[in-house]
Each structure stands twice: as structure tokens, then as C-alpha cells.
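Q: Here are the chains, one letter per residue:
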Amino acid sequence: MQYFDCELAIALGTRNQQPGKGGDDERKGTQPMTAMFPLVSPPPTAYLNDLLVRIAVSLQLTPTQYRDAVRHYEAVAKWLSAADSPLARFLPGIFPQGSLRIGTTVRPLGRDEYDLDLVCELLAMLGFHDPVWVLDLVERRLRAHGTYGPMVERMNRCVRLNFAGQFHLDILPARPDGALGGTYLLVPDRRLEDWKPSNPKGYAAWFDRQSTYRRVAMTRAIEPLPQPEGAEDKTPLQLAVQLFKRWRDVRYDDPDLAPISIVLTTLAGTYYLGEEHPLEALVGIVVRIDEAIPVTGRLKVCNPAHPEEDLSERWDRNPAAYRTFVSGIRDLRAKLTSAPSLEGLPRLREFLEDLFGEGVATRALRDQASTIEGARARGGLTLLSASSGLSTVAASGSTLVRSNTFYD
Amino acid sequence: MTRHARYHPSVRLSVAAQIAQMRVAHPSWKLAAWRCGEARWVGTLRPSDASITYAVTLAYRLGRRPRLSVTAPALVRRPEAEIPHRHQDGSLCLHLPDEWDSTMSIAETIVPWATLWLYHYELWHATGEWLGGGAHPRLRPRVARRVAEAARRREIATAGAA
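Just so you know, the sequences run in chain order P and U.
Taking the working numbering, the leading residue of the first sequence gets 1, the next gets one more, and so forth.
Taking the working numbering, the leading residue of the second sequence gets 409, the next gets one more, and so forth.
Any given hint could be a false lead.
[To be verified] What follows is a list of derived Cβ distance ranges for each label pair:
#1 P:Arg71 / U:Glu537: 34 to 40 Å
#2 U:Arg486 / P:Lys196: 53 to 59 Å
#3 P:Ile262 / U:Glu537: 37 to 43 Å
#4 P:Ser327 / U:Lys438: 45 to 51 Å
#5 P:Pro319 / U:Thr461: 44 to 50 Å
[Claimed, not checked] Quick look at which bits of chain P chain U covers, simulated, 3 or more residues with Cβ under 8 Å:
#6 339 to 346
#7 360 to 370
[Stated by the list, open to error] Residues from chain U that face chain P, not an exhaustive set, calculated with beta carbons under 10 Å:
#8 Leu453
#9 Pro455
#10 Glu507
In short, the hints are calculated from the structure, not lab data.
By construction, the Cβ of each residue, glycine as well, lies at the ideal position given by its N, Cα and C atoms.
Sequences are here, hints too, so could you generate the full structure?
A: Pasting the structure below:
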């Protein structure tokens, strides 16, 4: 079974029979170990995992930016549904979709603005309406707003609000898909002058399920280090997706060749098998993707919330993009699987810079050092043993690092 | 404290006591020599699970400071700077002169400090900055410590604020 099977992607119960020899080997290799020795042996990659968590967290929306985004889209929702709005009769409601909803935002390379997607669901728009008319209606209403009016930009499938230096809010009008029901929606497409199927809530629910697949819920402190700030409510899958997307941004200069975020996110969610830490999660995902790549034809990535939608159809039109995707995955697999044997923080920095960009690796190392130094200053730094290194958690048999001053 | 200890020899740890404590705390280390009152250990240190394993030697004679040197891989300088916090003989500068005396256990002080030193040595190569704090030798020890303690308080304050 070489092709990635759409039905398998949505049939969660059959995930264990997914293609990919590596999948089974991985599970056998890692799961019993952590179950049997939950406290005694920290993962041999605690410091690297700590750096990866720090990199992912440093790239996502800050809590302030997140609160700002929510405040603005709530104000937009109010404006669209106000009594004097021509949209009011369609009962518009706004909810986040994509990376904002599933917690995998990544700051784009070389610019400050995050791309944030929102759905403006017109609950009461049941019959057919001209899609371009609906897009224009939303645009006109937003342009009439004192604050948001000047920020409006017309796009193919949405109306964009530009918050310079912060983010864009892409507002996608949508109407319920009467034929399919449930959370299925139809979204207008200006170029095609037609409605396209979509299911953002279904997708988010699928991603959440994949995140908490097996017993893993949240990223825990990677002993012997404490949990980095900002990672409290993140799952290993979310972190892996952020790192995966960041790798894509660094590796592919040409946006026509770069795999799109939803393809990477869907692949990651599909091939994640419950690893507890971001490195192991990303290694597992990339190895299984590589093994799912068919010898002939191409990998097909279907929308798990809309099985007949091929998210990767772009690859049919652009075989070069598919070829660079495949060579990228092979290269990433080779690099990631060699990571645990890297020795020395300078080598580690080179490795991280190569995959995730220059500034982020050095900043993660500095953050880690300040955590270690903070523990040292508080008298909370210990030496586990001469061969296993420094720790910020006291374990039996570990030695407290007493106060000292490097001199000369 | 060192001066004081001369009148209370019982609080000083003998070389034999240090050897015994090292054997318990760091069983992988070997006592390579113990003659004429000087003990010499060889062992390894790995500051983190992402670090190089360093071979080190540690020499101690009662009344002198313990000297810990890295034997392999050889410590290297950066193109623009010498390795910081080292003595003339190449051993690591792990403490101010009055932060260690012979009443203290080498196993519980010198060895963890050297591990921390090596962590910062690797970070220094990775980031170009020495992030482990420390005092400057041109300052007198008392002043040096005041400077270092102020820096440490700032560190706690920033860690607390963050």
C-alpha cells in the first residue's frame, strides 16, 4: 500500500495499520522505555528538546498579540452583526481557523506580520447567493468602519485587515453547506466565481484529536530542565508543527516551491503517534512521511475534515514543487535522525541554525543559559552525576551546585 | 576560615577523607596517584546531555587549592578572545580565593563547579558570550565578590520578573 490513503487519514481507529515500517519500529522503540522508566532516566535529548521548545515558543504569537487579535476580531464581529449592518440579517459570527485556532502560529521569515485566518460564518445565509456579491458586501461593510476601514485589502477568498507590524486578519466569509450539514461550510472564490467546500471546525477538531492521541496531552517539563515559559499549554504535536513550518520557511526561498502550511500540518497530524517531546515527535513524523512517499506517482494529502478535497493538488500542476518537497523531507530526515548524537553545544547551535534560522538558535541557547543561571542563583542547580550533567530538579543522589564565582 | 582552621584541625578534611568522598560521589572517577600528600584523580565530566564528554584531571594537596584541568579534548580559544576564567597553569578558575577552603568537600564543590564551567565554556563557543558570570582578577577578592553578588542579585531579579 504505497499511496497515502485518504480513508485511513480520517478513520482514526485504523491508524495503527498505517503504511510505514518505521512507524511500528518507532513505537516499539520509544513507548515502553518511557513507560517503564518515567522518572529514573531523562530522555537523552533533554537539552536539545528544551532548545526546540524555546525556538517554537519564540516564533509564535506573544500573549499580548494573541489578546490583541481576539479583541480586534471580536470588534469586527460586532461591527458586521450590528443592527445597521447589511449583513445583520445573515447572522454573522466570527471564529478563528487555521494556525490561530490550533495553536501553531509561526512568525514569517523576514517580516513581522503573522497571517491569521478568521471565518465569518453567515449562519442564516441558506440559499444560493452570488459569491462575489458576498465578498463585496463584507468588504463594503468593513470599509465603512472608522478604524478598520483604512486597513482593508481585497483578496481572492477573503477580506484582509492589515495591522502593520503585528498581523493580518484574513476574514473569510462562509455559509453553511446545506447538503452536508454539520460543520461543513461553503466559501466564496472571487476568481472562480463559485463557492468552494470547507470545514475549518472539523479540521481543528481532527487536529486536537491527533494532538492528544494516546495518553499525551501537554508537553511536560523535560527533566532535568524546567518547562520553558510559554510552553505550558502546548502539545508536542503543536510544537512539532511549528518547527516543521519554520524549517519550510528557512529551506524554501521560492514560495512557489514551498509546501503550504495546511499540507505540512495535515501530514504532521496524520503521522504523529504520541511522542512526548518535540524532537521525537518531529523525527517520527518525518520518518513516516518519507516512508509513505510512493515510488511512482505522488503523495496525496487529503483534508481529513473533507475527504474528497486533495490539499496537495497543487503538486499536480507543479511537479518541481513536489520533487523539492520529497528531497527536503529526505534531507530533514537525515539531519533529524543524526541529532541525538551531536556532541557539544556549538555543534548543536549549527544544527539548529541550519534547520530553523540563525537568530533563533542563539536566542534559545541564551534563554536556556539564563534558566540554568537563574536556578544556580536561587540555589536550585544540581549535578546529577559527572557523566549526565546539570539539572534544575533535585533527584536522589544528585549534588547541589553551591554558590561560586568564576574568577580570573 | 582557612586561617581559623589551623587551630581546629578537626574541621579540615584530610586528603584521605576527600578521596573517600570522591569515591562515593563520583564512582566513575579513578584515583590515579596518591603520594607525598598529593592525590590525583582522573575522570570525565559531561555538563549536559548535548555536550562533549571531557576527560579531566584533578590534583589536590592539603593547604593548596584543588587544581582541575581538562586533558581531552583540548580547550580551544575563540579567534577573537582567550579562554576566560583559567589560571596560568591552565587549570580552571572555579571560585574566589575565599570561596573554598579545606573544610569543604571537593566532590561537592569543585566537581559541580567544573561541570558548570564546561557548560559555559561550550555556550561561550556557541554564542560568543560568557554567560556564567564571574569576577575579574584585577579586582581585590572582596570587591570582586561584591561585584559578582550584585550581578547575581540582578540575575535573580530578572529571573523573578520573567
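Q: Taking the hints in turn, state whether each one holds.
A: Against the structure, the hints:
Range check, Arg71 of chain P to Glu537 of chain U: about 38 Å between beta-carbon atoms, so the 34 to 40 Å window is met. Separation of Arg486 of chain U from Lys196 of chain P is about 56 Å and conforms to the stated range, judged on CB atoms against 53 to 59 Å. A C-beta distance of roughly 40 Å is found between Ile262 of chain P and Glu537 of chain U, which places it inside the suggested range of 37 to 43 Å. In this structure the hint that Ser327 of chain P and Lys438 of chain U lie 45 to 51 Å apart at CB holds, the actual value being about 49 Å.
Checked against the hint of 44 to 50 Å, the C-beta distance between Pro319 of chain P and Thr461 of chain U comes to roughly 47 Å, which is consistent with it. A count of 5 residues in the segment 339 to 346 of chain P with a Cβ less than 8 Å from any Cβ of chain U is obtained; the coverage claim is therefore met, three being the minimum. For the segment 360 to 370 of chain P, the proposed coverage by chain U is satisfied: 5 residues have a C-beta within less than 8 Å of a C-beta in that chain, meeting the threshold of three. The interface hint given for Leu453 of chain U is met, as the beta carbon of that residue sits about 5 Å from the closest beta carbon of chain P, less than 10 Å.
Given the 10 Å rule on beta carbons, the hint for Pro455 of chain U holds: about 5 Å separates it from the nearest Cβ of chain P. Residue-level restraint check for Glu507 of chain U holds (minimum Cβ-Cβ distance to chain P is 6 Å; threshold 10 Å).
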